[in-house]
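Participant: Okay, here's what each chain looks like letter by letter:
There are 2 protein chains.
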Amino acid sequence: MRVLEEEIGLSRGAIFHHFADKEALFLAVAEQDAAAMRRTVAEHGLVQVMREMIAAPDAQRIGTQLEVARRLRTDPTFRGAWQPQQESLEAAVRERLQHQRQLGALRTDAEIGQLAGYLELVMEGLTAHLAAGLPADRLDAVLDLDEVSVRQG
Amino acid sequence: MRVLEEEIGLSRGAIFHHFADKEALFLAVAEQDAAAMRRTVAEHGLVQVMREMIAAPDAQRIGTQLEVARRLRTDPTFRGAWQPQQESLEAAVRERLQHQRQLGALRTDAEIGQLAGYLELVMEGLTAHLAAGLPADRLDAVLDLDEVSVRQG
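So the sequence lines, in the order shown, correspond to chains F and U.
For the first sequence, the positions run -9 to 143 when the working numbering is used.
For the second sequence, the positions run -9 to 143 when the working numbering is used.
Worth flagging that the hints you see were computed from the coordinates, not collected in a lab.
Hints are all accurate, no fakes.
Quick partial rundown of chain F residues pointing at chain U, CB under 7 angstroms, derived from the structure:
1) Leu62
2) Ala100
3) Gln104
4) Gly107
5) Leu111
6) Val112
7) Glu114
8) Gly115
9) Ala118
10) His119
11) Ala121
12) Ala122
13) Arg128
Each residue gets a CB set at the ideal place from its N, CA and C atoms; glycine is no exception.
All chains should be built: construct the whole structure from the sequences, respecting the hints.
Facilitator: Okay, here's the thing in structure tokens:
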């Protein structure tokens, strides 16, 4: 809670004036993070989201993603509630790839759904990697390769 | 413990006759899984490990990997103790890629370290994905793409 108070710039009382309980507060934070991610995906693509995560790992955001992953694993109710978020991120990734394909900037030997699933898998790996506190110094070079894989060569 | 008793085919008493405590037992299980993974990597590559995970998700093994990831995040002592395992898996991945390169089967526009880091990231993503109970039906097609990316086109 203290971190959240500092983050949001509101006192605990003011925060709970807006949110019914911790659960509602967590959902609001997670949805805000997901919306920010969708905006970056729409403008610059999922690889840019990953580059920003490597350049400036945001402990609060990684913590939120880990908690979302934990609840997806353990809480079927949350899994249902989170599905629209999951689907709209996937839709944003596919739209961005469609856009890149129309510009002729995308490799042509794979379907959009295949490329989207691939990028999402790399993204999940990056989150787990950073959350584990493993070194990120080689990862920017890995993403160069990643870009090469998806881009028209 | 009950799952472990069934898995190993020994009673709780017999298990603790061999292992000092739960901690030692967990380490033995995790090291056994890591050794099995290294063998598959050496013979067939990391992509084959991923294909086997998708074809027959092993809840116990995924649970062990999640617990290793959790301890890497939260327990600096474990992080130090696990480092040799991490390094020998990475070495096995690099050796396999070197071998493929000597056979002329590997894409030539990237360094071995870059390709290894990339495959390890996809592997981390797959573990997180399966652990979250997300659908695995599209993932085999994603790995086809993955193979294409690493293989000589």
